[in-house]
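Numbering (the numbering used here), first residue to last: 1 to 172.
You may find that some hints are simply not true.
Think about it this way: if two alpha-carbon atoms lie no more than 30 Å apart in a straight line, the pair counts; the simulated DSS-like pairs of lysine-lysine are [what the hints assert, rightly or not]:
1) 155 - 41
2) 104 - 163
3) 134 - 42
4) 41 - 134
5) 33 - 104
6) 42 - 104
7) 104 - 155
8) 33 - 155
Taking CB as the label site, the calculated pair distances span [stated by the list, open to error]:
9) 164 - 64: 56 to 64 Å
10) 128 - 52: 28 to 36 Å
11) 164 - 21: 18 to 26 Å
No lab work stands behind these hints, which were simulated from the structure alone. All values reported here derive from a predicted model rather than from experimental measurement. All C-beta atoms, glycine included, are put in the ideal place defined by N, C-alpha and C.
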Amino acid sequence: FYQALLPFFTFFGFTDLLIMWAVALTSWDWVQKHVGNTRWKKIHLGLFLFYLIFILSDFWIQRSNGTPISFASWIFVGAFLVFWVVIAPWGFAPRLMRLVNGWKQLHVLTHIVFASLVIHAWSGAVAFQPLWVKAVFVGLVAFTWGSHLVGWWLKWREDQKLKHQAAQSQRG
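Produce the complete structure using the sequences and hints provided.
Shown next, in the form of structure tokens:
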């Protein structure tokens with residue numbers, strides 16, 4: 001059992017499952033309306049610590065067995081953890097955003113799910129497919145991320161315009 005999560009694609013598949021499980025548990029209406037900000041911080045922290053312990057134990061098992069940990073694993077996991085800390089309501093999010101909603105912050109972790117799912121699929125089934133299947137897969141991933149980046153950029157530009165208009169109305 002302890003070697004079940006060692007393959008690269010299985011580890012990232014578990015990452016998807018864990019975060020989507022947490023999102024599913026917290027997505028019902030009652031939780032969104034009745035769980036306070038302090039509790040959301042605890043939910044985020046508990047899930048983060050569980051994932052961190054999972055990562056450390058998985059990497060420890062790999063080291064104990066003499067199985068090398070790929071450089072890509074370190075990069076992806078490190079990026080996931082940094083992203084998690086940045087968006088968590090106990091992390092940098094309160095410094096970056098005017099309003100922090102614990103439920104929405106937890107759902108931002110779906111970006112980790114998407115990245116992890118891409119890694120999981122690529123290192124599992126897609127890696128063994130013909131070039132045209134790989135091209136279609138990369139195209140779909142690029143379109144998905146690209147469309148989100150364009151949406152975020154447009155939202156940021158609109159926010160900047162509104163800030164500029166508010167500053168102009170205060171001056172004039």
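Results for each hint:
1. Taking the CA atoms of residue 155 and residue 41, the gap is about 26 Å. The hint holds against a cut of 30 Å.
2. Under the criterion of a C-alpha separation no larger than 30 Å, the hint pairing residue 104 with residue 163 is consistent with the structure, at around 23 Å.
3. The straight-line distance between the Cα atoms of residue 134 and residue 42 is roughly 40 Å, outside the 30 Å bound, and the hint therefore fails.
4. The hinted pair formed by residue 41 and residue 134 fails the criterion: a straight-line CA distance of about 39 Å is larger than 30 Å.
5. Of the supplied pair hints, the one linking residue 33 and residue 104 holds, its CA atoms being roughly 12 Å apart against a limit of 30 Å.
6. At roughly 14 Å between alpha-carbon atoms, residue 42 and residue 104 fall within 30 Å of each other, so this suggested pair holds.
7. For the hint linking residue 104 to residue 155, the alpha-carbon distance of about 17 Å falls within 30 Å, and the restraint holds.
8. Between residue 33 and residue 155 the CA atoms are separated by roughly 26 Å; this keeps the pair inside 30 Å, and the hint holds.
9. The supplied range of 56 to 64 Å is met by residue 164 and residue 64, whose beta-carbon atoms lie about 57 Å from each other.
10. Judged by the Cβ atoms, the range 28 to 36 Å given for residue 128 and residue 52 holds: they are separated by roughly 32 Å.
11. Between residue 164 and residue 21 the CB atoms are about 42 Å apart, so this pair departs from the stated range of 18 to 26 Å.
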